[in-house]
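Undergrad: Sequence:
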Amino acid sequence: MTFSRWIRQLHRWLSMAFTFGVIAYVVVMQNGTPPAWVGLFALVPLILLLLSGLYLFVLPYAQRRARAPA
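For the sequence shown, the numbering used here gives the first residue as 27, with consecutive numbering after it.
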């Protein structure tokens, strides 16, 4: 598996983790003010999603530039 495919698969799994984190945060908020660390369940995957998403966004442009004749 190439690195870009690995990142794409990681991005998919992170999106599921982020969704689970948001749902967990909403459930905990129904019982009152949640502790601050509960927000990290959604924040950590969100940061990793940002990084992997930026990589996937730039990848086609970088590949096109690498294939362009000098």
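Rather than coming from a laboratory, the hints here were simulated on the basis of the structure.
Bear in mind that the values here come from a model prediction, so they are computed numbers and not experimental data.
Even for Gly, the Cβ is constructed at its ideal location relative to N, Cα and C.
Warning: the hint list may mix true and false statements.
Stated by the list, open to error - Pairwise CB distance ranges (calculated): (1) Met55 / Leu77: 25 to 33 Å; (2) Arg93 / Thr59: 48 to 56 Å; (3) Arg91 / Ala50: 52 to 60 Å; (4) Leu85 / Ala62: 32 to 40 Å; (5) Ala94 / Ala62: 46 to 54 Å; (6) Leu36 / Arg90: 31 to 39 Å; (7) Leu69 / Arg93: 24 to 32 Å; (8) Arg90 / Gln35: 16 to 24 Å; (9) Leu85 / Tyr51: 25 to 33 Å; (10) Asn57 / Arg34: 32 to 40 Å.
Undergrad: Okay, which hints does this one fail, numbers in order?
TA: As far as the earlier hints go, 3, 6 and 7 are violated by this structure, in ascending order.
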